[in-house]
Every structure is written in structure tokens, then in C-alpha cells.
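Line by line, the protein sequences give chains A and B. Per the UniProt record's numbering, residue 1 is the first one in the first sequence, and the count goes up by one each step. Per the UniProt record's numbering, residue 1 is the first one in the second sequence, and the count goes up by one each step.
Certain hints may be false.
A pair counts as met if it fits within one copy or between any two copies, since identical chains are not told apart.
Claimed, not checked - Calculated pairs, PhoX-like style, for lysine-lysine (alpha carbon to alpha carbon, straight line, at most 25 angstroms): (1) K41 / K84; (2) K41 / K83; (3) K57 / K41; (4) K83 / K61; (5) K57 / K84; (6) K61 / K84; (7) K83 / K57.
Derived by calculation from the structure, the hints in this document are not laboratory data.
Number of protein chains: 2
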Amino acid sequence: MAVDLELAPKTKRPAGEPCCEPVVYPDIDRERAARMAEVAKALGDPVRLQLVDVLRKHAGKVCVCELVPLFDISQPTLSHHLKKLRDAGIVDSERRGLWAYYYVLPDALQELTAWLS
Amino acid sequence: MAVDLELAPKTKRPAGEPCCEPVVYPDIDRERAARMAEVAKALGDPVRLQLVDVLRKHAGKVCVCELVPLFDISQPTLSHHLKKLRDAGIVDSERRGLWAYYYVLPDALQELTAWLS
DNA sequence: GTTGTAAATAGATGGCTGTCGATCTGGAGC
DNA sequence: GCTCCAGATCGACAGCCATCTATTTACAAC
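Given the sequences, and given the hints that come with them, work out the whole structure.
Right, dumping it as C-alpha cells:
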């Protein structure tokens, strides 16, 4: 999508003054942007953001059966959101008997957090 | 989407051991989650994330004509991404003659950044 | 006026997303 | 074996998203 090091804008200028002096280029490469955008996208849903919030605030692993009644969505939809978070590398899960326990992967949000700060 | 204060999981337990002891509830309310999710969603695209990066690194306002050659997308698509960022309250723009200058709104990312940290 | 240019908008399209009900999976207990 | 339960997966559907080309808007210079 993005070109990494295209330094000079190639657009032709009219006879008048130029639009601007400084030459601007992206500081982050495509891969890093794609990685962080994937995390941000996973957080870009209110349910998933609250899920991460609950899992982060709660030390240890949280059973799915505790998460379901917190939201006004069906169990399959919640499972879908948890899968999205898992695919983005933000959470992971562990099965114990009938129940599944989810927890936040500590380093998952680090890159995005550092970039934002 | 999310219920704010549903404290006790209502699911029936089988005769065996319960899935977990602690009662979990969301710490952030629906409105705050929706606000932050909107910002995260706007950052959930590699082009937009790089756009914000360029605008943040560059002090002052950047002309659109400088942004276009940085990406492998058409000018209308870039304009669409800038509109998304503006709708999310992350950037704003100013028109000067033929050119449009975009800049980051400093407080826009603060709430999400604080939550992540 | 006409011409040229920067940026926004319109319209179309293929793909992805959030949601649901229904079903499947695999343990637990009998 | 059978039954019950938690959770994941399936299939469908409406809505949104990223992208394009084509057009429009608004300004500048002639």
C-alpha cells in the first residue's frame, strides 16, 4: 500500500508559489504499520475493547462463561470476537475440561502503545 | 452492546466444580469504549496509521499534494482516508488556495493512549 | 471568459464484518 | 452406551469498507 522512501513529491507545480517547502516521508515501514494497524483494528470494536479491558484488569485467566453475561450479544458472537482478538495476538486461551479461559498476552499491545506515546 | 454492571454470571453450573471463583465486570462504560473503539478503528488501516505517523512527526501542517506520492493509492482513496481520520477527530484540515493542509489534533489520541498504558 | 490544477465527491464493486440461529465438538456424569 | 453442558464452528444476511474511475468543485493564471 505505502511506498517507504519516495522522498520527492513528483507533482507538477503551477507558475505560482509552491504549496509547501518541506519534504515529508513516512517514518515507519509498511510491515510495522501493518502490524500495528492489525492490533488497532482488533481494538476497533466496543465489545472487543471492553473484553480486553476486563481481561487486563483481571489478573490471571477468565472463564468465557463469565464473559457471556456481561454483554448483550449471543454466545457465538462473543466467541467470534474472542477469536478475532486471538488472531490479532492480543489474547490467548486455555481449555480446562468444559471451560475455556482467556488471558491477555502482555507484549501484544506494546508496539502500538509505544508508538502512540 | 455491553451491559455495564451485570455482576453475577447467571449460568447454571453442573454438579462438578465451578468454572471459576472471581466475579468479573467491565471497568469502562459503553460510551468510553465506543469512543476509544472509534479512534482505534480509524487507526486500523496501514495507510491511515502511516498518515497519522507522518502528520505527527512533521510539526505543523502538511499539504495533501505531499502525501499523495507517498502511497500506492489513488488520490480519491487518500482523500477518503483523510476524511475517515477527520471524522474520528484525529486530524483536521485547512484550505489555502488550491491546497489543503492536514494536521493532527493533539488531544485526539490521548484517551486511547492512556487506556493502553 | 478559458484553461489548468488540487482536492473532494459520486457511483460502482468486491470483500470483509458483526450478528444471529443452528449445528457440531468434546468433555463430564450417569 | 446416553444425556447434558460449554464453547467453537457453520451458513446466512445486512451493512460497512477500501478501492477504483469519472466527475465536480473551487481556485489561479491567463
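Handout entry: Broken hints, by number
Key = Of the numbered hints given earlier, the structure breaks none, since each of them holds.
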